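> Residue-level listing of the chains:
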Amino acid sequence: MVELQWYLYLSAAVFTIGVFGFLTRRNIIFMFISIELMLNGVNISLVSFSHYLQDPRGQILAFFVITVAAAEAAIGLAIIISVFRNKETVYVDEMTETKG
Amino acid sequence: MELYTLIPVLPLAAFWINILFGRHYIKDNAHWISVPAVVASWVIALITLSDVLGGKVFNQDIYQWIVSDGFKVSVGFLVDPLTAVMLIVVTTVSSLVHIYSVGYMHKDPGYYRFFAYLSLFTFSMLMLVMANNFLQMYFGWEAVGLCSYFLIGFWYQKKSASDAAKKAFIVNRFGDFGFGLGVILIFLTLGTLHYAPVFGSIGSVAGQTLNILGTEVDLITLIALLLFCGAVGKSAQIPLHVWLPDAMEGPTPVSALIHAATMVTAGVFMVARCAPIFSLSPTTMAVVAVVGGVTAIFAGTIALVQNDIKRIIAYSTVSQLGYMFLACGVGAFGAGIFHLYTHAFFKALLFLGAGSVMHAMSGEVNIQKMGGLKKYMPWTYWTFLLASLSIAGIPGFAGFFSKDEILWQAYAAGPLGKFVWVLGAITALLTAFYSFRIIYLAFHGKFRGTEEQKHHLHESPKSMTLPLVLLAVGAVAAGWVGIPPLLGGTIGIEHSDKFGAFLAPVVGHPHASVHTHAEEWAVMGLSVLLAISGILAARYCYLKNPELPVKIGEKFKFAYRVLWNKYYVDELYDCIIVKPTFWVARNIIVGITDGKIIEGVVNGVPAAIGRFSESFRKIQTGFTHHYAMVMAFGLLAIAIAVFFF
Numbered sequence: 001m002v003e004l005q006w007y008l009y010l011s012a013a014v015f016t017i018g019v020f021g022f023l024t025r026r027n028i029i030f031m032f033i034s035i036e037l038m039l040n041g042v043n044i045s046l047v048s049f050s051h052y053l054q055d056p057r058g059q060i061l062a063f064f065v066i067t068v069a070a071a072e073a074a075i076g077l078a079i080i081i082s083v084f085r086n087k088e089t090v091y092v093d094e095m096t097e098t099k100g
Numbered sequence: 101m102e103l104y105t106l107i108p109v110l111p112l113a114a115f116w117i118n119i120l121f122g123r124h125y126i127k128d129n130a131h132w133i134s135v136p137a138v139v140a141s142w143v144i145a146l147i148t149l150s151d152v153l154g155g156k157v158f159n160q161d162i163y164q165w166i167v168s169d170g171f172k173v174s175v176g177f178l179v180d181p182l183t184a185v186m187l188i189v190v191t192t193v194s195s196l197v198h199i200y201s202v203g204y205m206h207k208d209p210g211y212y213r214f215f216a217y218l219s220l221f222t223f224s225m226l227m228l229v230m231a232n233n234f235l236q237m238y239f240g241w242e243a244v245g246l247c248s249y250f251l252i253g254f255w256y257q258k259k260s261a262s263d264a265a266k267k268a269f270i271v272n273r274f275g276d277f278g279f280g281l282g283v284i285l286i287f288l289t290l291g292t293l294h295y296a297p298v299f300g301s302i303g304s305v306a307g308q309t310l311n312i313l314g315t316e317v318d319l320i321t322l323i324a325l326l327l328f329c330g331a332v333g334k335s336a337q338i339p340l341h342v343w344l345p346d347a348m349e350g351p352t353p354v355s356a357l358i359h360a361a362t363m364v365t366a367g368v369f370m371v372a373r374c375a376p377i378f379s380l381s382p383t384t385m386a387v388v389a390v391v392g393g394v395t396a397i398f399a400g401t402i403a404l405v406q407n408d409i410k411r412i413i414a415y416s417t418v419s420q421l422g423y424m425f426l427a428c429g430v431g432a433f434g435a436g437i438f439h440l441y442t443h444a445f446f447k448a449l450l451f452l453g454a455g456s457v458m459h460a461m462s463g464e465v466n467i468q469k470m471g472g473l474k475k476y477m478p479w480t481y482w483t484f485l486l487a488s489l490s491i492a493g494i495p496g497f498a499g500f501f502s503k504d505e506i507l508w509q510a511y512a513a514g515p516l517g518k519f520v521w522v523l524g525a526i527t528a529l530l531t532a533f534y535s536f537r538i539i540y541l542a543f544h545g546k547f548r549g550t551e552e553q554k555h556h557l558h559e560s561p562k563s564m565t566l567p568l569v570l571l572a573v574g575a576v577a578a579g580w581v582g583i584p585p586l587l588g589g590t591i592g593i594e595h596s597d598k599f600g601a602f603l604a605p606v607v608g609h610p611h612a613s614v615h616t617h618a619e620e621w622a623v624m625g626l627s628v629l630l631a632i633s634g635i636l637a638a639r640y641c642y643l644k645n646p647e648l649p650v651k652i653g654e655k656f657k658f659a660y661r662v663l664w665n666k667y668y669v670d671e672l673y674d675c676i677i678v679k680p681t682f683w684v685a686r687n688i689i690v691g692i693t694d695g696k697i698i699e700g701v702v703n704g705v706p707a708a709i710g711r712f713s714e715s716f717r718k719i720q721t722g723f724t725h726h727y728a729m730v731m732a733f734g735l736l737a738i739a740i741a742v743f744f745f
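Residue numbers (this note's numbering), protein chains in the order written: chain A, 1 to 100; chain B, 101 to 745.
Rather than coming from a laboratory, the hints here were simulated on the basis of the structure.
Since the model is a prediction, treat every value here as computed from it, not as a measurement.
Check before you lean on any hint, since a few could be wrong.
To be verified - Below, in silico cross-link-like pairs of lysine-lysine (DSSO-like), each with a Cα-Cα straight-line distance of 30 Å or less: (1) B:Lys-718 / B:Lys-258; (2) B:Lys-475 / B:Lys-546; (3) B:Lys-696 / A:Lys-99; (4) B:Lys-718 / B:Lys-259; (5) B:Lys-554 / B:Lys-718; (6) A:Lys-87 / B:Lys-718.
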């Protein structure tokens, strides 16, 4: 039986990798993947808490997150494609149109 | 609904039809709308006159206009002898001017607009004279002023015309302000604005005073003087006469209708209508008489030296209006209205004749460049001559009877009357002189214009000569309704003539002190003598010895310059009103109020907001990483806060 804390370590590690990737990568595709990592890191802790507490609500919440992530991926990729078509780049440093 | 209501409504309908459909549909057929409407009004006015002669007086409200607690005003019509006379004057001259304009305004791009305004003017003037309360009169009063503005500035592309229109409007504002105050004061004093109760109870406040800045002012005198302010502006009396000569920038039919026959006489009409108020204030009556007398001689002298045919006639109008006020001031309101009525015919005729001359001369107005026109335009010449004889006061013509009536009433009205009589008698001489100066310079002698103009000379079309002939009939015969008993006229009450007796129920009749027939003959003889000598002097100066006027001008250079520059009144106003106003406008209004205060607030507030947001916009770098860092640290801060607090 694997202790709950190991699942949480894994979850925190995946989430932190996601945060680190999001902050350091300049490629918008990788930043996008990092966001997915963060979401899945959270999913891991949700599912493990659910198992530990014998409460199915955690799993339901995880499904929600997966659904939202799918929608986010669809929209996000569409945005990325249209940005790429306009700017011919995937590097966020070159996307500074929102500068005030 | 009485038939009378249609009199103002028909021209109003013509106005709306022309102004709404004129530009695209009616165009050059505008006169088919306006002329029948005004002629129909004229026919109804004749019916009205016969009703009133039969003793009928109509006074009825037809519409509740304003009801606000105690303040009630209705639209209503009063038809009494005074109104009937005015209706005849307004509709007759208006109809003839409408017909004349068909020829005169032919091919003008604003043809439909001209007829629309002319009809609107007729409506306004009829509302003014038919009103049965002060507010409706005030409405008509302002509306005729507005139409005057539209029509003076009819050729608005011409700067001088639009300037003259503004000048007329602004100068009138000064007088109308006083008139408005007078109306308000009447309401405050008597609680109503309807003529009947006001004139009925004005006597009850006689002797009451009003404290203004520590001085006790007689209430009725104050009301009457304020009302007279309006009359001074509208009827172009000193010191507000300056707009009328400039108003000649408008088309000539407008000068004839508005600035000679009808609108400018509204002041005289108003004073006569308010005779019950004016009669109670001897001070105001004296002011009216003196202003009238002084204006008469003042404008008459200016007219002596001017060269612009329309301006001479305009100054002549100012002078004749002075006569009318002179009459009102000595209590002879009936005589004033009589002169108003005859003046409308001969003065409109003079203007239309001048228009006919200008038509032939391609717009030339300088009489020094005319001459010998008699041969080319006989209809214009003969009608113009009849009008001049009438205004000069030659026995038998309309002007003679009314002018003689005024001079006699003035003579018979005590010491002040004697003084204004002297002014009036001298003016009679001047009037004859300048009227015949035009005749001799423009119609006699040799033609002094260019060859091109000479080639172009022609008599005006029928639509223009027909009104001239019809008005000439009026200029000769209009006075026959008021032949004095001395010359065998029908005797009315208190030895008045028929016309005076007709008006007496409304305006009263002066109780002239007893005078002998010999005196009356002498006064009449003297004015006839002055008129004839004026004509002979003009003949001597301008036909026999054309160099003489130049020599006189050289000799009395100063007097000539003063008259030529119209006593420098315009220059005076420029110095004391126009220039200071401009100074205040530029330096205080534009410079301080607008430039510093208003612009300071309007520009200052956005500028402050802008500077404030300038510091915040730096956060929006546009780099996604900066936003991500902020989010991450924010998350961290929340996490720390949750853990430790």
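> For each hint, tell me whether it holds in the structure or not.
These are the hints, each one checked on the structure:
1. B:Lys-718 / B:Lys-258: Cα-Cα ~57 Å, so violated.
2. B:Lys-475 / B:Lys-546: holds, 10 Å
3. B:Lys-696 / A:Lys-99: violated, 35 Å
4. B:Lys-718 / B:Lys-259: violated, 55 Å
5. B:Lys-554 / B:Lys-718: Not satisfied, since the Cα-Cα distance of roughly 82 Å exceeds 30 Å.
6. A:Lys-87 / B:Lys-718: holds, 24 Å
Hints 1, 3, 4, 5 from the list above are not met by this structure, while the remaining hints are.
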